[in-house]
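Protein chains: 2
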Amino acid sequence: MFENKNTSNTNISELGEFGLIDHLTKNFKIKQKTTVKGIGDDAAVLSCDSSEEIVVTTDMLVEGVHFDLSYMPLKHLGYKAVVVNLSDVFAMSAEATQITVSIGVSNRFPVEALEELYEGIHTAANFYNIDVIGGDTTSSKTGLVISITAIGRVTKGTAVYRDTAKETDLLVVSGDLGAAYLGLQILEREKKVFEVNPQSQPDLDAYTYLIERQLKPEARKDIPKLLSDLEVTPTAMIDISDGLSSEILHICKQSKVGCNLYEDKIPLDQQVISTCEEFKLDSTTIALSGGEDYELLFTVKMEDFPKIKGNPNLSIIGHITSEKEGVNLITRGNEKIPLIARGWTSFKK
Amino acid sequence: MFENKNTSNTNISELGEFGLIDHLTKNFKIKQKTTVKGIGDDAAVLSCDSSEEIVVTTDMLVEGVHFDLSYMPLKHLGYKAVVVNLSDVFAMSAEATQITVSIGVSNRFPVEALEELYEGIHTAANFYNIDVIGGDTTSSKTGLVISITAIGRVTKGTAVYRDTAKETDLLVVSGDLGAAYLGLQILEREKKVFEVNPQSQPDLDAYTYLIERQLKPEARKDIPKLLSDLEVTPTAMIDISDGLSSEILHICKQSKVGCNLYEDKIPLDQQVISTCEEFKLDSTTIALSGGEDYELLFTVKMEDFPKIKGNPNLSIIGHITSEKEGVNLITRGNEKIPLIARGWTSFKK
Numbered sequence: 000m001f002e003n004k005n006t007s008n009t010n011i012s013e014l015g016e017f018g019l020i021d022h023l024t025k026n027f028k029i030k031q032k033t034t035v036k037g038i039g040d041d042a043a044v045l046s047c048d049s050s051e052e053i054v055v056t057t058d059m060l061v062e063g064v065h066f067d068l069s070y071m072p073l074k075h076l077g078y079k080a081v082v083v084n085l086s087d088v089f090a091m092s093a094e095a096t097q098i099t100v101s102i103g104v105s106n107r108f109p110v111e112a113l114e115e116l117y118e119g120i121h122t123a124a125n126f127y128n129i130d131v132i133g134g135d136t137t138s139s140k141t142g143l144v145i146s147i148t149a150i151g152r153v154t155k156g157t158a159v160y161r162d163t164a165k166e167t168d169l170l171v172v173s174g175d176l177g178a179a180y181l182g183l184q185i186l187e188r189e190k191k192v193f194e195v196n197p198q199s200q201p202d203l204d205a206y207t208y209l210i211e212r213q214l215k216p217e218a219r220k221d222i223p224k225l226l227s228d229l230e231v232t233p234t235a236m237i238d239i240s241d242g243l244s245s246e247i248l249h250i251c252k253q254s255k256v257g258c259n260l261y262e263d264k265i266p267l268d269q270q271v272i273s274t275c276e277e278f279k280l281d282s283t284t285i286a287l288s289g290g291e292d293y294e295l296l297f298t299v300k301m302e303d304f305p306k307i308k309g310n311p312n313l314s315i316i317g318h319i320t321s322e323k324e325g326v327n328l329i330t331r332g333n334e335k336i337p338l339i340a341r342g343w344t345s346f347k348k
Numbered sequence: 000m001f002e003n004k005n006t007s008n009t010n011i012s013e014l015g016e017f018g019l020i021d022h023l024t025k026n027f028k029i030k031q032k033t034t035v036k037g038i039g040d041d042a043a044v045l046s047c048d049s050s051e052e053i054v055v056t057t058d059m060l061v062e063g064v065h066f067d068l069s070y071m072p073l074k075h076l077g078y079k080a081v082v083v084n085l086s087d088v089f090a091m092s093a094e095a096t097q098i099t100v101s102i103g104v105s106n107r108f109p110v111e112a113l114e115e116l117y118e119g120i121h122t123a124a125n126f127y128n129i130d131v132i133g134g135d136t137t138s139s140k141t142g143l144v145i146s147i148t149a150i151g152r153v154t155k156g157t158a159v160y161r162d163t164a165k166e167t168d169l170l171v172v173s174g175d176l177g178a179a180y181l182g183l184q185i186l187e188r189e190k191k192v193f194e195v196n197p198q199s200q201p202d203l204d205a206y207t208y209l210i211e212r213q214l215k216p217e218a219r220k221d222i223p224k225l226l227s228d229l230e231v232t233p234t235a236m237i238d239i240s241d242g243l244s245s246e247i248l249h250i251c252k253q254s255k256v257g258c259n260l261y262e263d264k265i266p267l268d269q270q271v272i273s274t275c276e277e278f279k280l281d282s283t284t285i286a287l288s289g290g291e292d293y294e295l296l297f298t299v300k301m302e303d304f305p306k307i308k309g310n311p312n313l314s315i316i317g318h319i320t321s322e323k324e325g326v327n328l329i330t331r332g333n334e335k336i337p338l339i340a341r342g343w344t345s346f347k348k
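Sequences listed follow chains A and B, in order.
Residue numbering for the first sequence follows numbering that gives the first Met the number 0, beginning at 0 and increasing consecutively.
Residue numbering for the second sequence follows numbering that gives the first Met the number 0, beginning at 0 and increasing consecutively.
Isolated chain A (complex conformation) (with noise of 0.2 Å):
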């Protein structure tokens, strides 16, 4: 897993900053519609439609704060930085079209692993019918960075948002929690073992689900659709980036309303319980604080509750109280804990 599989090495310099965004991107192809004009101009050209609004959202990933490339494949890692953001698109209730992608590089990467890296990408954009319209490929004097921008459209005014969830509306999750979060501490073990004995042959059948959830998650695009199909609409959304807690405090926060989450309610899957006792850690601690998820997290109409229950898809985790209620955990035990942001944080305290 930590080999590198580099078998020839051309300097970035050889080709030359047009030279090398055109190699890596000779290989993208225009699918959606609404791309007028890709890559190859000053600016991108996108069709618009007044039945339409576009959504549009960004997020960066610095090398050793949100990867590390001795566990995370380069290809691996195109495909995150395209999901990340992908998956806030997907949190509007919008459907994703394009992305451009900025890269910043040092030399010390050969043009291969900047193949590797668009590979990965481009895999990314095939799976989810997105084009990928512009960039900036750069030099950087140390790390990798990645900086994607994601645009989708969604039919005017049915876009969600967070700030939009009522009392006794039902707070729902997709999906399953924290396991991502684990994925990264098995990761960061194997590494340690690796550093002490690189002959050692890991065993990772135990933890197959964690490590794709933390090294090649997918955004959750059949969400919308989904809730589509069983019309429901969401009062309010957002997506598990940070954790469980920071986002219902989100929604809480801007919705200005309080919360009820039952701990026995939200979703574990069995790798993350067998895991938790493993390492001795406190499963729904981690669910709450572990990020990384990329479900999505919505409240929709109590009425609703017929049309959502038993879906496998889908976990009713608690309800939305009014305001002065505060934002709480009732636990297992039937107590009620406040709820806090322990989410994470690319800003050590």
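It is possible that some hints are incorrect.
[Unchecked claim] Just some of the chain B residues that point at chain A, by a computed CB distance under 7 Å: (1) 42; (2) 44; (3) 56; (4) 91; (5) 101; (6) 139; (7) 156; (8) 158; (9) 205; (10) 225.
Honestly, the hints are just simulated from the structure, not real lab data.
Every residue, glycine too, gets a C-beta built ideally from N, C-alpha and C.
Got chain A sorted already, so can you dock chain B onto it with the hints?
This is chain B only, laid out in the frame that chain A set:
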């Protein structure tokens, strides 16, 4: 010029990632009617109009590669980072409307430094009447990285591309060339003097225009409007970020045409001429390869000559030929020399 004026030092981690974004963007007001939702959700939301197209462009600036904080004040850097992107929007003949701003910053920067940077961004956003609709603020292991995506609007079908220049078209450039590059040389020289003798008082009166062009460039928002007022539609357009020769070659290669550029027509400011003499530099080389001018280079039909000639903002510097004639510089001595790109590249050979 090189002193640190920060009187207080608030550590970034004291505010945290969300607190920091809130703090830095709290004075940003929405000015564009097309901004439905700005900062504060998973994504910004923009309105659409079927009579328009959207343009999107992005640029990344990296400390130590694109700027040196020892002579680039953070406020100017913020301003310039916006300008660099808007220049690409204007080069499409579009109106700039929104930007997103992502920043990677190490803990060595206090909050007050980021406030200065954002003050520059804010000043540029006000001057160019654009909205800051989103972004990301994250930690970096070493230097400062700024990634901006700019969004603009253009009446459907009227975006001006690089690949549409035609034989016999006139080649026109706005403003004058080479000053920003010379400004950088002056600042580099003063930095060295300062390192040897911190008490030295530099006399920069002879270089004020050059330094201003380097530290506080403007994007030519006025040129698309001027051309519209003159009833001139450019046949192709590009902005000059890497140097005149590089941009001419882009237009010629993409339009499949040749070009004759006349050395004696290249517009130079008097400070460029005198400083080139002082530094024993060839002013034509500086104009061709210096870069960072953020002027607009465009082609117009020959019949538009009367509308353009004599305009103090515009210089006719050559004409488009057939592709087989090549891309040439016609020197003052009437020699024909093939033009080669020696534009700025961040990947040094």
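Quick rundown of the hints versus the structure:
Hint status for residue 42 of chain B: holds, given a least beta-carbon distance of 4 Å to chain A, under 7 Å. With its C-beta approaching chain A no nearer than about 5 Å, residue 44 of chain B sits inside the 7 Å limit, and its interface hint holds. Evaluation of the residue 56 of chain B hint against chain A yields a held restraint, the C-beta minimum of about 4 Å falling below 7 Å. For residue 91 of chain B, the interface hint holds, the least distance from its beta-carbon to any beta-carbon of chain A being 5 Å, beneath 7 Å.
At a threshold of 7 Å, the smallest CB-CB gap from residue 101 of chain B to chain A is about 4 Å, leaving the interface hint in force. For residue 139 of chain B, the interface hint holds, the least distance from its beta-carbon to any beta-carbon of chain A being 5 Å, beneath 7 Å. Against a cut-off of 7 Å between C-beta atoms, the interface hint on residue 156 of chain B is violated, since the closest Cβ of chain A lies about 9 Å away. At a threshold of 7 Å, the smallest CB-CB gap from residue 158 of chain B to chain A is about 5 Å, leaving the interface hint in force.
Taken as an interface hint, residue 205 of chain B does not check out: its beta carbon lies about 32 Å from the nearest beta carbon of chain A, beyond 7 Å. About 18 Å separates the beta-carbon of residue 225 of chain B from the nearest beta-carbon of chain A, more than 7 Å, and the hint is not met.
In summary, the structure is inconsistent with hints 7, 9 and 10 from the numbered list given earlier, while agreeing with the others.
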